[in-house]
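Participant: If you're matching them up, the sequences are chains A and B in order. Going by our numbering, the first residue of the first sequence is number 68, and it counts up by one from there. Going by our numbering, the first residue of the second sequence is number 40, and it counts up by one from there.
Calculated from the structure, these hints are not laboratory results. Please note: incorrect hints may appear among the correct ones.
[Unchecked claim] Label-pair ranges, simulated between beta-carbon atoms:
1) A:346 to B:70: 22 to 32 Å
2) B:68 to A:342: 16 to 26 Å
3) B:180 to A:313: 30 to 40 Å
Keep in mind that this is a model prediction, so the values were computed, not measured. For each residue, glycine too, the CB sits at the ideal point set by N, CA and C.
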Amino acid sequence: MAASSAPEEAPRITRLELRRYAPPIGLLLVLAVATLIPAGLQPPELRLASPDRARVDQMRAVVAGLPSSSLVLVGFDPDLGTYPEIRATVRAVLDDLTSHGARLAFASFTAEGRALAAAEIDRLGRRAEAGGTRPEMLDIGFISGAEAGLVRAVSSIVPNSASGALAEAVRARGGGIGAFDLVVVVSGGDLGARSWVEQVGPRLPSIPMVAVAPTFLEPELAPYLRSGQLKALLATLREGVAYAEEVPVAGAPRDRAIPALPMLIGMLIALGWLVVIIMQRATGRLGPGAREGRLA
Amino acid sequence: MNGLFAADLTGTLGTWVGALLTIAVWSYVVGERTVFRLLQYLLAGLATGYLALLAIREVLIPRLVVPLATDPVHNPLLLVALVACVILGAAAWLPQRLVAPFAGLVVGASAAFALGGAVVGTVLPQMADALLERADGGVGLADGLLALVITILVLLAFLRGGQRGRLTGRAAVIGRWLLVGGIGAWFGFLLVTRLALLVDRVGFLLGDWLGLIR
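Taking the hints into account, I'd like the entire structure generated from these sequences.
Facilitator: Have a look at this one:
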């Protein structure tokens, strides 16, 4: 009996597994197909860039208002997990700054931020070797102490070991964050634009600060933009894409932006899933797993 | 191209490793938990190793070892800091009375920075901004009043203990639903972020790894 029932059960289990795993696999396949469709074949109305250019204009105005050969401090502390969302925007900001002749100094207060800053500095160096423009850069490195380190950096940010024209220029102006004409905060969840506004803003109210942040930080940072504590903020994917479209590409082509079609499909699938769960809840057909808090 | 890898052999190797690890992480969606767990260990191990390296190379050596080795007389505070770090590191077997002052100093200083910054950098400027902006009247005033009502209702939702009247109870329920609405909106933002990350990974596999898109 046991020998005869075993072959019957095997395909049933496989079918069950297939039903369970089909949605995520299907989602990945759909996203892959949508990503493969070239932008030229997609409807022209389908654009990820935000039609509201107010924040793009604010950021561009701050960069355009910089004096020649200005010193710009890039507080580079994004998360490893969310950096891909803002990567294209950050590179566009760096391009915009260097095209206006800004000299960039990179400092990180988190380990993740330091890893990503090192990768971006390396990328800028490689681009210069490939024939692009090489911005004048200073790698300040990792500063320990989180918010306490940020406060210490107000008076002294350049390490003793740093050398070069840019390091000397910062030292000549006092050696702290106050030496810079602008602070660009590439924000993450750990130590981001809020920490800069809270710790550096009251101590150096004359230093303008702008921020690039992933979408989930938008509700937290928007009030600082409204109150003027941040001079400009790009905190959604749509604003980032709109900004990257505005900034002319210098040298080698910028990296591929996140396409609109897969994002639209993903959002529709998420909405559909939400509707299905609400319907199941309304009709009382929600499984025991979902009642315990597990949706799948 | 995400631009993080060079076009040489190391870049190619990095792309392949990244692609294979991405696929290995995705094996979780078909129930393969062993590989996923191994990759979690790999991430934790790499992160810990990187942190240790960063602490040694960019903090301990340049800010502690080198100043103490070259000029110990002019850096007496560093010696005190070193002793404090050793005591904190050995907190498990040292008497609590010896460890407590140093631990208290570290925790207190961190809390003071955070709290002081929140008050001076967020609460006061935001209050001032709200007051000045709303004083103009018109839409700004209505906006401000709405914000005030919502804030009070949400704060009432957090009231615990003590007697609550009928009106306060109803207001607390409304406040709780407003809170749920706010958290829901935040999750909506999170969904966009996570979806962007997934699409970026798909693009990495199809573009950087397979070369199907440019």
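Participant: All hints, please: hold or fail.
Facilitator: Right, here's what the structure says about each hint:
1. A:346 to B:70: 22 to 32 Å: Once the Cβ atoms are compared, 26 Å apart, the range 22 to 32 Å for residue 70 (chain B) and residue 346 (chain A) holds.
2. B:68 to A:342: 16 to 26 Å: Taking Cβ atoms as reference, residue 68 (chain B) and residue 342 (chain A) lie about 22 Å apart, which means the hint holds.
3. B:180 to A:313: 30 to 40 Å: Once the Cβ atoms are compared, 35 Å apart, the range 30 to 40 Å for residue 313 (chain A) and residue 180 (chain B) holds.
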